[in-house]
Amino acid sequence: MKSKNYTLTTMPYSLTIGWLYPELMSTYGDRGNIIVLEKRCEWRGISAQVVNLDKGFNVKLFNDVDILFMGGAQDLQQKIVSDDFSKEKTKAFKKVMDWGLPGLYICGAYQFLGKYYKEANGNVIPGLGILDLRTEHPGEESERLIGNIVVEVDLVGLTPTTYEVEERKIEEKHIIVGFENHGGKTYLGENLKPFGQVMKGFGNNGKDKTEGAVYKNSIGTYLHGPILPKNPEIADWLIEKALERKYKKKIKLKKLDDFLSQKAKKVVLQKMSSY
Amino acid sequence: MNLLLIFSGKIVIFISKILNLGNGSTWPGHIAFNINKKFLKDTLEKRKFKIILVAGTNGKTTTGKLIQTILEENGKRVFQNDSGANLVNGVASSIIKNSNVFGKLNYDFAIFEVDENTVPILLQSISADFVVCLNLFRDQLDRYGEVNIISEKWKRAFSKLPKKTKLILNADDPQIAYLGEKARNKTLYFGVKTSGHNTFEHASDSTYCPRCTEKLDYKNITFSHLGNWFCPKCLLKRPVPDMEAFNFYPLPGLYNKYNIHAAVLTSDSLGISNEKIKKSLKNFHPAFGRQEVIKFNNKSIQIFLSKNPASFNQSLATINKLRAKHLLILLNDRIPDGRDVSWIWDVDFENNFKNFKSISVSGDRIYDMALRLKYADNIRVKTYEDLRESVEKSTKALKQNETLYVLPTYSAMLDLRKILIGKSIL
Numbered sequence: 669m670k671s672k673n674y675t676l677t678t679m680p681y682s683l684t685i686g687w688l689y690p691e692l693m694s695t696y697g698d699r700g701n702i703i704v705l706e707k708r709c710e711w712r713g714i715s716a717q718v719v720n721l722d723k724g725f726n727v728k729l730f731n732d733v734d735i736l737f738m739g740g741a742q743d744l745q746q747k748i749v750s751d752d753f754s755k756e757k758t759k760a761f762k763k764v765m766d767w768g769l770p771g772l773y774i775c776g777a778y779q780f781l782g783k784y785y786k787e788a789n790g791n792v793i794p795g796l797g798i799l800d801l802r803t804e805h806p807g808e809e810s811e812r813l814i815g816n817i818v819v820e821v822d823l824v825g826l827t828p829t830t831y832e833v834e835e836r837k838i839e840e841k842h843i844i845v846g847f848e849n850h851g852g853k854t855y856l857g858e859n860l861k862p863f864g865q866v867m868k869g870f871g872n873n874g875k876d877k878t879e880g881a882v883y884k885n886s887i888g889t890y891l892h893g894p895i896l897p898k899n900p901e902i903a904d905w906l907i908e909k910a911l912e913r914k915y916k917k918k919i920k921l922k923k924l925d926d927f928l929s930q931k932a933k934k935v936v937l938q939k940m941s942s943y
Numbered sequence: 012m013n014l015l016l017i018f019s020g021k022i023v024i025f026i027s028k029i030l031n032l033g034n035g036s037t038w039p040g041h042i043a044f045n046i047n048k049k050f051l052k053d054t055l056e057k058r059k060f061k062i063i064l065v066a067g068t069n070g071k072t073t074t075g076k077l078i079q080t081i082l083e084e085n086g087k088r089v090f091q092n093d094s095g096a097n098l099v100n101g102v103a104s105s106i107i108k109n110s111n112v113f114g115k116l117n118y119d120f121a122i123f124e125v126d127e128n129t130v131p132i133l134l135q136s137i138s139a140d141f142v143v144c145l146n147l148f149r150d151q152l153d154r155y156g157e158v159n160i161i162s163e164k165w166k167r168a169f170s171k172l173p174k175k176t177k178l179i180l181n182a183d184d185p186q187i188a189y190l191g192e193k194a195r196n197k198t199l200y201f202g203v204k205t206s207g208h209n210t211f212e213h214a215s216d217s218t219y220c221p222r223c224t225e226k227l228d229y230k231n232i233t234f235s236h237l238g239n240w241f242c243p244k245c246l247l248k249r250p251v252p253d254m255e256a257f258n259f260y261p262l263p264g265l266y267n268k269y270n271i272h273a274a275v276l277t278s279d280s281l282g283i284s285n286e287k288i289k290k291s292l293k294n295f296h297p298a299f300g301r302q303e304v305i306k307f308n309n310k311s312i313q314i315f316l317s318k319n320p321a322s323f324n325q326s327l328a329t330i331n332k333l334r335a336k337h338l339l340i341l342l343n344d345r346i347p348d349g350r351d352v353s354w355i356w357d358v359d360f361e362n363n364f365k366n367f368k369s370i371s372v373s374g375d376r377i378y379d380m381a382l383r384l385k386y387a388d389n390i391r392v393k394t395y396e397d398l399r400e401s402v403e404k405s406t407k408a409l410k411q412n413e414t415l416y417v418l419p420t421y422s423a424m425l426d427l428r429k430i431l432i433g434k435s436i437l
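Residue numbers (the working numbering), protein chains in the order written: chain D, 669 to 943; chain W, 12 to 437.
Isolated chain D (complex conformation) (with noise of 0.2 Å):
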């Protein structure tokens, strides 16, 4: 208790994180994305705070959270969840959104994002309809995009690292690590940005070498991992759009050791690169 009050009085900045059904929609270890999302901030004197957005949540929690997470699922829960969005609470979300909330939207949840599931029997299960994109099972018989996936993130605001050699002008992005599992494919619509570029492995279709969807500050993707321990660079841009969105200023972050991340997503990029 000590320490929370000394926090409170000395921490100049704090943030809520809205962490979107905990219970219905986790699967593959997506807590870890919250975990770290929480801890860089304590770790940099930034009090966070977790709010849990469970059924029948109130849609006016939309106004007080900074940063929205919500993870993957099974089919039955994801039904559940589906049931919850209302015409307002949908309607609630897409507003928060549109007005720059940063988020993070992992395999089922950025799939529900879109404007529909087909599943393998044909059957179309409708999405939220926020981001346009489409996603179909091509059936039973297909195989899951399943394994160790390397990306290439082009995100507006994540700095990448330039240096000139002689006339040319060299551009390194980033370059992030995870796991992907998952039966449907993902069409983005013309519009819609990819989160990145396929290095290694499938991303939403295992076809156009695209992985995922950006839109505005919100962030949906198929890497599990969890996706943001081995890619911190990831959680940090999330938690400076918070910051910046909340406090209405750039407000620079500091850097961590994350000696340990580099050396997990390291031993990932050697495995990929030996196939």
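For the record, the hints were derived by calculation from the structure and aren't laboratory data. These figures come from a predicted structure and were not determined experimentally. Built from N, CA and C at the ideal position, the CB exists for glycine as well. Treat each hint with caution, since some may be false.
[Stated by the list, open to error] Heads up, simulated SDA-like pairs for lysine to any residue below, C-alpha to C-alpha not over 20 Å straight-line: (1) K723/D x F211/W; (2) K931/D x N389/W; (3) K177/W x K197/W; (4) K393/W x S810/D; (5) K177/W x C245/W; (6) K244/W x I748/D; (7) K385/W x Q930/D; (8) K934/D x K393/W; (9) K226/W x F753/D; (10) K723/D x E691/D; (11) K164/W x E811/D; (12) K868/D x R350/W; (13) K747/D x C245/W; (14) K939/D x D397/W; (15) K723/D x P173/W; (16) K875/D x S810/D; (17) K226/W x L721/D; (18) K747/D x V23/W; (19) K48/W x V23/W; (20) K934/D x T394/W; (21) K226/W x F725/D; (22) K920/D x E901/D; (23) K164/W x E787/D; (24) K52/W x P173/W; (25) K59/W x K87/W; (26) K747/D x I161/W; (27) K204/W x D228/W; (28) K226/W x P690/D; (29) K707/D x K87/W; (30) K164/W x G807/D.
[Stated by the list, open to error] One-sided and incomplete, this derived list gives chain W residues near chain D with beta-carbon spacing under 10 Å: (31) R149; (32) F211; (33) T218; (34) R350; (35) A381; (36) R383; (37) K385; (38) N389; (39) T394; (40) Y395.
Chain D is fixed; fit chain W onto it per the hints.
Chain W only, in chain D's frame:
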């Protein structure tokens, strides 16, 4: 022809043992299957012995060994598939291995531990006398898919069981208990008597009613999603267990109570008295890697196979009760471990390490584990990229009366035993 397959299979086993390639637990069966798809049906059709299948995410090997010990101590002849060789080819291999040169199996019982996905396939070709179902936990989603999908497959397979098959089911696991609801077969239930808390660990699945999908309520929870459950909507509830306490436990750990109750209930229904069961369990030795103690460089190492969030949480709880001071965690990401290591973020490491003096990590995904522990209460660990070095250095640091507790994933456990004992198992 099957006689020929058995004979050639035996040669494969012999050669593979000589070359120290393993015990020949899967290859002979694999070859036999490629030649005769009906190998199992053919060899088991006119059998004179009883078959006991043991299935579930966690506890198959220990439960199988408990039943084996009880039966053998009571004068029965038993054979089993080798632990971990729990696909159809492993079952077939055990038949080859245990047949005599005339292709006869002179046994009273066969105990087969069976992989979750293999249960429906195996039940198509053999008629079991007992099917023991322990639990279904979140495990290796890249290989098995989600828990709901597996229980659905089992439900379909169980609807076609012959009448003579007895079901031994875990009453405390909603998905497992529900399998007995519709079956025409004689069903017995085991559980664990608990009192007290009803809050969930993080890694809980199946907290929704298997009949009407409403969120379940629990009077008590033992661990994960196991406990005294009921559905507030359709009123489905935990069946009354036929066995929920026993007077002797050869292994510590709450999770082992379930395994022991399953084994006792099975033996009990075979007519072995509780007194005899208790006596035979006094001679029980743990299966390899399951609380097995091995001496290495004159120091004690105890191995707790920890392969998914539920089993990892239980291992941590058990070694904390045993006042463990030194811990080595081994994380691999090979096919038997699951290639996706995301699951370590579902383990409740937080607040579980207060009493440890040293924590080390090794294995293929050593830095993923080190990173996980850093994010849990800033736990600092020693990292060893080389497995042998991790074991040697960690044991060297022990005082004479101290034990090194090792929590490995499956393939890491096999590698570790190879270092400690000097030969491979599978």
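| message | Name the hints, by number, that the structure is in violation of. | response | Hints 4, 5, 15, 18, 29 and 40 are the ones this structure does not satisfy, whereas the remaining hints hold.
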